[in-house]
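Quick note, the sequences are listed as chains S and H, same order.
Under our numbering, read the first sequence as residues 1 to 81, first letter to last.
Under our numbering, read the second sequence as residues 1 to 706, first letter to last.
What the hints contain is simulated information worked out from the structure, not anything from laboratory work.
Remember, it's a predicted structure, so these values are computed and weren't measured experimentally.
Treat each hint with caution, since some may be false.
Said to hold, decoys possible - List of simulated lysine to aspartate or glutamate pairs, DMTMM-like, C-alpha gap at most 20 Å:
{"id": "1", "chain 1": "H", "residue 1": "Lys-398", "chain 2": "S", "residue 2": "Glu-43"}
{"id": "2", "chain 1": "S", "residue 1": "Lys-18", "chain 2": "H", "residue 2": "Glu-279"}
{"id": "3", "chain 1": "S", "residue 1": "Lys-15", "chain 2": "H", "residue 2": "Glu-179"}
{"id": "4", "chain 1": "H", "residue 1": "Lys-434", "chain 2": "H", "residue 2": "Glu-498"}
{"id": "5", "chain 1": "H", "residue 1": "Lys-402", "chain 2": "S", "residue 2": "Glu-69"}
{"id": "6", "chain 1": "S", "residue 1": "Lys-65", "chain 2": "H", "residue 2": "Glu-505"}
{"id": "7", "chain 1": "H", "residue 1": "Lys-55", "chain 2": "H", "residue 2": "Glu-81"}
{"id": "8", "chain 1": "H", "residue 1": "Lys-247", "chain 2": "H", "residue 2": "Asp-259"}
{"id": "9", "chain 1": "H", "residue 1": "Lys-55", "chain 2": "H", "residue 2": "Asp-159"}
{"id": "10", "chain 1": "S", "residue 1": "Lys-18", "chain 2": "H", "residue 2": "Asp-260"}
{"id": "11", "chain 1": "H", "residue 1": "Lys-398", "chain 2": "S", "residue 2": "Glu-69"}
{"id": "12", "chain 1": "H", "residue 1": "Lys-247", "chain 2": "H", "residue 2": "Asp-159"}
{"id": "13", "chain 1": "H", "residue 1": "Lys-288", "chain 2": "H", "residue 2": "Asp-121"}
{"id": "14", "chain 1": "H", "residue 1": "Lys-398", "chain 2": "S", "residue 2": "Glu-66"}
{"id": "15", "chain 1": "H", "residue 1": "Lys-247", "chain 2": "H", "residue 2": "Glu-188"}
{"id": "16", "chain 1": "H", "residue 1": "Lys-291", "chain 2": "S", "residue 2": "Glu-66"}
{"id": "17", "chain 1": "S", "residue 1": "Lys-55", "chain 2": "H", "residue 2": "Glu-293"}
{"id": "18", "chain 1": "S", "residue 1": "Lys-65", "chain 2": "H", "residue 2": "Glu-498"}
{"id": "19", "chain 1": "H", "residue 1": "Lys-43", "chain 2": "H", "residue 2": "Glu-82"}
{"id": "20", "chain 1": "S", "residue 1": "Lys-15", "chain 2": "H", "residue 2": "Asp-256"}
{"id": "21", "chain 1": "S", "residue 1": "Lys-41", "chain 2": "H", "residue 2": "Glu-97"}
{"id": "22", "chain 1": "S", "residue 1": "Lys-18", "chain 2": "H", "residue 2": "Glu-267"}
{"id": "23", "chain 1": "H", "residue 1": "Lys-177", "chain 2": "H", "residue 2": "Asp-256"}
{"id": "24", "chain 1": "H", "residue 1": "Lys-4", "chain 2": "H", "residue 2": "Asp-85"}
{"id": "25", "chain 1": "H", "residue 1": "Lys-288", "chain 2": "S", "residue 2": "Glu-74"}
{"id": "26", "chain 1": "S", "residue 1": "Lys-18", "chain 2": "H", "residue 2": "Asp-159"}
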Amino acid sequence: MKSLLSDLEIGQNAKIVKVIGNGAVRRRMIDMGIVPGTVVKMERYAPLGDPFQIKLKGCHLSLRKEEAETVVIEALGGTGR
Amino acid sequence: MSSKKITIALAGNPNSGKTTLFNILTGARQHVGNYPGVTVERKEGRIKHDGYDIKIIDLPGTYGLTAYSPDELVARNVLLEEELDLVVDVVDASNLERNLYLTMQLKELEIPMVLAVNMADYAEANGITINYDLLAQLIGIPVVRVVATKGEGLDDLLDLITHKEKENIPEKTVRYKIEIEEAIARIEEMLNSDLNLEIFDAVKKDSSRLEKYPSRWLAIKLLEEDKEVTEKAQSISKMAGLLDQVKKDRESIELDAGDDLENLIAEGRYAYIRGACQEAVKIVELNKASKTERIDKVLLNRITGLPIFFFVMWLLFQLTFALGNPIVEYLEDLVALAGVAASNALSPGLLNSLISDGIIGGVGGVVVFLPVILLLFLGIAILEATGYMSRAAFLMDKIMHKVGLHGKSFVPMLIGFGCTIPAIMATRTLENPKDRLVTMLVTPLMSCGAKLPVYTLLIAAFFPNHMAGNILFSIYIIGILLALIMAKVFRTWLVPGESEPFVMELPVYRMPKLKSVAIQMWERAWLYLRKAGTIILAFAIVVWALFTFPMVDSQGMNYASATEQMENSYAGRLGKTIEPVIAPIGFEWKTGVALIAGFAAKEIVVSTMATLYSMGDADSVLEGGTAEAKSFAQLTREQSGFNQLTAFVLMLFILIYVPCMATIAVIKNETNSWRWPIFTIGYTVSLAWVVCFVVYQGGMFLGIGV
Numbered sequence: 001m002k003s004l005l006s007d008l009e010i011g012q013n014a015k016i017v018k019v020i021g022n023g024a025v026r027r028r029m030i031d032m033g034i035v036p037g038t039v040v041k042m043e044r045y046a047p048l049g050d051p052f053q054i055k056l057k058g059c060h061l062s063l064r065k066e067e068a069e070t071v072v073i074e075a076l077g078g079t080g081r
Numbered sequence: 001m002s003s004k005k006i007t008i009a010l011a012g013n014p015n016s017g018k019t020t021l022f023n024i025l026t027g028a029r030q031h032v033g034n035y036p037g038v039t040v041e042r043k044e045g046r047i048k049h050d051g052y053d054i055k056i057i058d059l060p061g062t063y064g065l066t067a068y069s070p071d072e073l074v075a076r077n078v079l080l081e082e083e084l085d086l087v088v089d090v091v092d093a094s095n096l097e098r099n100l101y102l103t104m105q106l107k108e109l110e111i112p113m114v115l116a117v118n119m120a121d122y123a124e125a126n127g128i129t130i131n132y133d134l135l136a137q138l139i140g141i142p143v144v145r146v147v148a149t150k151g152e153g154l155d156d157l158l159d160l161i162t163h164k165e166k167e168n169i170p171e172k173t174v175r176y177k178i179e180i181e182e183a184i185a186r187i188e189e190m191l192n193s194d195l196n197l198e199i200f201d202a203v204k205k206d207s208s209r210l211e212k213y214p215s216r217w218l219a220i221k222l223l224e225e226d227k228e229v230t231e232k233a234q235s236i237s238k239m240a241g242l243l244d245q246v247k248k249d250r251e252s253i254e255l256d257a258g259d260d261l262e263n264l265i266a267e268g269r270y271a272y273i274r275g276a277c278q279e280a281v282k283i284v285e286l287n288k289a290s291k292t293e294r295i296d297k298v299l300l301n302r303i304t305g306l307p308i309f310f311f312v313m314w315l316l317f318q319l320t321f322a323l324g325n326p327i328v329e330y331l332e333d334l335v336a337l338a339g340v341a342a343s344n345a346l347s348p349g350l351l352n353s354l355i356s357d358g359i360i361g362g363v364g365g366v367v368v369f370l371p372v373i374l375l376l377f378l379g380i381a382i383l384e385a386t387g388y389m390s391r392a393a394f395l396m397d398k399i400m401h402k403v404g405l406h407g408k409s410f411v412p413m414l415i416g417f418g419c420t421i422p423a424i425m426a427t428r429t430l431e432n433p434k435d436r437l438v439t440m441l442v443t444p445l446m447s448c449g450a451k452l453p454v455y456t457l458l459i460a461a462f463f464p465n466h467m468a469g470n471i472l473f474s475i476y477i478i479g480i481l482l483a484l485i486m487a488k489v490f491r492t493w494l495v496p497g498e499s500e501p502f503v504m505e506l507p508v509y510r511m512p513k514l515k516s517v518a519i520q521m522w523e524r525a526w527l528y529l530r531k532a533g534t535i536i537l538a539f540a541i542v543v544w545a546l547f548t549f550p551m552v553d554s555q556g557m558n559y560a561s562a563t564e565q566m567e568n569s570y571a572g573r574l575g576k577t578i579e580p581v582i583a584p585i586g587f588e589w590k591t592g593v594a595l596i597a598g599f600a601a602k603e604i605v606v607s608t609m610a611t612l613y614s615m616g617d618a619d620s621v622l623e624g625g626t627a628e629a630k631s632f633a634q635l636t637r638e639q640s641g642f643n644q645l646t647a648f649v650l651m652l653f654i655l656i657y658v659p660c661m662a663t664i665a666v667i668k669n670e671t672n673s674w675r676w677p678i679f680t681i682g683y684t685v686s687l688a689w690v691v692c693f694v695v696y697q698g699g700m701f702l703g704i705g706v
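Chain H extracted, bound-state conformation (with noise of 0.2 Å):
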């Protein structure tokens, strides 16, 4: 038996439940993606039911429809654009009255529709009844009572989906004031006369499609000024007169009212929403403080807030990096004995260098980043599912605000000190995108937990055990100032605009559901590793090739030793290319090499400066106690030829310049586009190199470190 196929979309607001929805109904079978030019996430799952096979998408979770936002428009593509046989508004049974509008907005789109009242259970407890049945008359939509994480009413809601006609609801549309009812009959007709043909036409050619638009909607869009659907109109020279009848009736409409048409409107919807609400649903107020209200008067407090965010930020922190970097040192470990094996294994030669230090290596550094980004999303989708990352964009945005980003940049600002990859993952986060790409470029300039291995090595190598501590502040203090500044900077500048309302809304706490969290810890992993990771394979073995090639002499014979050969190479002519470039912030080319390096980890750059100055292997000094730490430090001091200045000077050039090979692989993926991530290197590596000017002509003229 053949099953029928049909589309559905799940539209809803934020914190309705949505996503635990659509996470039970399609379990594991979900694909996601993201929408073509913006990167918000486009999820599809599928489920049989009845002889039907039903492919759902879950739409971004939005309050309106409007074309404010990427997550509101791409919302309202998907619903225009898309061949859906239904959506499913999930709306929140304690937030009715504000749910609903959405509701009404969906309406007017004319797609079947079917109401899911989520979280019944919570609003029932808290003295909400609705009755279900009312409802549906009166808004002229089927509903249907569902607890989602608790599984009822699914299957009362799939029987909607599948036998929509069997339903006895009447036709229901939400009617505005007189005068704007008028208003919205003569602009239909007009876009269902004549015009029609000759748009359909127009449109054919630059693809806008209005014509297959609900004209009332499309009418209301006008009305409202909508931008999206304004600016598409203006394209069409047959509209103009559309247009001037549109302005003429808006004008003579918001100078009776005293009020614009847009808020008319959306009284209108609010206003016959509420006349529904008030026979449907029965509000006892329940005179004491709800749970959320008790829990908030702690995690709010003026004085008790603060503490409590940090010691959540605090706990996150040692979850992703104390439990995580065992791992990750584990993996490490097993990286390098593969390398070995595989060198062992294999005749030696340049296949073999390629297979054991090449690929392995490179796919070594994709691996072994997956348990911090698997321990980081859980905590962040406990910090979400609870309802505690809007509190702390709440206690945060004062700060944040300041520099022109939202209170929830604060977090992955925080994740960065620990490692910037998960960090810039974590900037999903934010809505809006442009908060979102700012953080993303500000956020390598909080320095991560590879850098900290170099400035310890060069801060016992030339500074006084006394001075080692403040040197060390000073850099993660710089690196923090300049991340503000550079936000400010972007966002008056680069990505200049509105910033994003901090309108938002604080939700009920809530047990977060294993599954939930589960699924969505994997989805970033498995995005990280299949799209990331190719990208950071492929720049492990580029530099591998410019550490290796040439392997001889122009004579075909080989090098001397490990220090001539990466002298010869082409990394190191590249350093040697660049010196008059790092000269005037005073390195020479062998620190211009270990820069390069660098791109590839910064870990990497303690033990190219080994190798280049003859001084053994690094990698007993990183990983070994004191006894070779002061050994490599002295020998670093007697054949660098830094001083105090240069070596200051070059910790904050490693904190300032390019971030590794994953972070830029990483912002590819996050931004869909090299665009950025070509900007970030471009960026980093002047700003350093500017500071780092600053810096060292200041302390040479000054005498200070020298």
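Looking at chain S on its own, in the form it has when it is part of the complex (with noise of 0.2 Å):
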């Protein structure tokens, strides 16, 4: 089922379909590996509610909800927390 990162639950794999968006946050996106075809875990949100932080590639990145509201998903299922 095709969702965005952005609803994707704490401790939830899922796999990268399509990064929207343009310009500056895409590049910076594309540069740091979140690239259609790679796997992401929803790691925790910040205490105050943003950003979030994820794990892909074998490190951890953060970015803000508007940032993950432009990266389209395939949810994987996951461990949980």
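Mind docking these for me? Both chains are given alone in their own frames, and the hints should help you get the complex.
So, in structure tokens, the structure goes:
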């Protein structure tokens, strides 16, 4: 099922399908490895609810909700917390 | 024997240990400057190896080579414009896939390269095994295993740098989808053919020098719609036909693939990297959370994350100011002693006053800040080296993003409560120049430590004890609110535009290396002394002159008292000139003079008022006990004619108006122009006046505090 990275629950894995949006934000995402085909795991939200921390290709990244909303994913289920 | 000279550049992702490697290789043989026109640091160092004299340029750490950020642009321009013999690409062994993305972009520039796979020990301990020889064969770049912090692999790396011809590495290039490759070939051909000479002629005039860039790289950049390359091409009229071709190719490829070309090219690079990594890298998933993950469970936890963050900030504050201020006070005493000694040694007169008050005071004003700057940068260097700085940004971003800033802006603004000078310098941790500028502009509104004694005295003089705490607190809160409002205003109208993406790496926690921390600390301090120091000294002499001249009245007679001399000095006259402007906010000319003196340093406001109102020596009051303070408060009440409202408005004005001259000098230094320090003076004075006008007139109208 396709959804957005911002909807992913903590502990869940997903595969990136597409990165929409443009400009500096998308460029940065590409540079950081947020590209189609990559598996991401939602790790946690910041204590104030935003930004998010994700794990991808073995490293930890943070991104804001508005940025995560531009990433289309396919949920893979997860290991839970 | 004369040694052969070669120039190399160090490139790599942030957190790849690039700077550590640079520091280990070059040691103290470093030179730090700025790239022209931008505030990106340029670091160069030298090392001798095997009869070679190697000049190393440490490029800013970047994830890519696009024209989006100044760091990336600077890195790219060095790679394209300077005659480099070799590029050493430093990659993090634990994050090979992501790090190699930059490598692929570097490779397209067709400069000889060496890949230094750094922090290999950490990767090995975490189940990652890399076949270096195979990797080299697969990506067509010599590869060397390095652990910079332990000095492992450095000789191998230097051997590769100096004897690259010995390597037996095949030529390899990223190959994209067939349609993209066809388009690249078409554009390359057009670039290389008849156009080339004409382009060469055209660009000689506008110095954009497209002709010497690799044609494959140019073709890819044109297809990617790279901002800088496209703009340069558009400025050359002969390229119009080529640009049409680029547009046609791009549109047809995008239509076929249903995705845009920039994405497709990026995917091509990643696909190539994935293929190489699958063969050359073996990863054994360790079935336990890494050390970093376990630490983050506590430090970024929903409940414990923020309390720990505030505790860390408190520690940073204590380290800087609780440890630094006694040293500052000691230095201040030394400066005062030097002033007295100089004054006694020289015969009385103008030269005596210039040296003992103007120059020694000015130099002293520079030197006394050094301990807090050193300690703050020690703290920040540790926070950055351990990896906690990114976590701080992660925790605070929600609040800072609301006013258009980045999570990282929080730390400099907090430091501003101690001293604005190191706070301005701490904005160096911000990558985005707009965020950095706005943070710099609003940080002076965070009430600094030097303003506190002024508030204390005014509160003691005009407010009963039970109100004192609330009044002081309200001043600080007003400062914070104004800083947030002005940040929003500046980010909306002064430097509008997309805010810095927050897509940010949360690096692995590491123990900081003493040598790197010490080098960083020293660089900052030296930059402050050398650049800001001279400006502060000049300002100090100007302020001294304003208060010293004229020394005698029009008949050539000495003034009867210090009060009378100050009243007739240029500063005094200036105070009288501006009286009509400050009258609507409840100040008379004497207050104006004190505020002019406050440009030198906020502490001086009190002593100037003391002289003007003939209240005696305010220094003894500032350092003395409560008895003196009480008498000073009483004198202020009796002599100044202030009421509670004027006292409060004066505190507000001191909170908001021009930061001290040392801050102005540092802003000049950090922005590389006079534009922003002058803007800072202008906006803070206007804002102070407007806020004070509203409060004073409002208070008068409502009859509060009069």
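Results of checking the hints against the structure:
1. H:Lys-398 - S:Glu-43: holds, 17 Å
2. S:Lys-18 - H:Glu-279: With Cα atoms ~26 Å apart, Lys-18 (chain S) and Glu-279 (chain H) exceed 20 Å; violated.
3. S:Lys-15 - H:Glu-179: Outside the cut-off at roughly 26 Å; violated.
4. H:Lys-434 - H:Glu-498: holds, 10 Å
5. H:Lys-402 - S:Glu-69: Given that 20 Å is the threshold and the Cα spacing comes to 18 Å, the pair holds.
6. S:Lys-65 - H:Glu-505: holds, 16 Å
7. H:Lys-55 - H:Glu-81: holds, 16 Å
8. H:Lys-247 - H:Asp-259: Judged against 20 Å, a Cα distance of about 15 Å means the pair holds.
9. H:Lys-55 - H:Asp-159: Holds. Lys-55 (chain H) to Asp-159 (chain H) sits at ~15 Å (cutoff 20 Å).
10. S:Lys-18 - H:Asp-260: holds, 11 Å
11. H:Lys-398 - S:Glu-69: holds, 16 Å
12. H:Lys-247 - H:Asp-159: Violated, at about 45 Å.
13. H:Lys-288 - H:Asp-121: holds, 18 Å
14. H:Lys-398 - S:Glu-66: Holds, at about 12 Å.
15. H:Lys-247 - H:Glu-188: holds, 14 Å
16. H:Lys-291 - S:Glu-66: violated, 30 Å
17. S:Lys-55 - H:Glu-293: holds, 10 Å
18. S:Lys-65 - H:Glu-498: holds, 15 Å
19. H:Lys-43 - H:Glu-82: holds, 14 Å
20. S:Lys-15 - H:Asp-256: violated, 23 Å
21. S:Lys-41 - H:Glu-97: holds, 17 Å
22. S:Lys-18 - H:Glu-267: With a Cα-Cα distance of about 11 Å, the restraint between Lys-18 (chain S) and Glu-267 (chain H) holds, given a limit of 20 Å.
23. H:Lys-177 - H:Asp-256: Holds, at roughly 12 Å.
24. H:Lys-4 - H:Asp-85: This hinted pair holds, its Cα atoms lying about 12 Å apart.
25. H:Lys-288 - S:Glu-74: violated, 25 Å
26. S:Lys-18 - H:Asp-159: Violated, at about 43 Å.
Checked against the numbered hints above, the structure violates hints 2, 3, 12, 16, 20, 25, 26; every other hint is satisfied.
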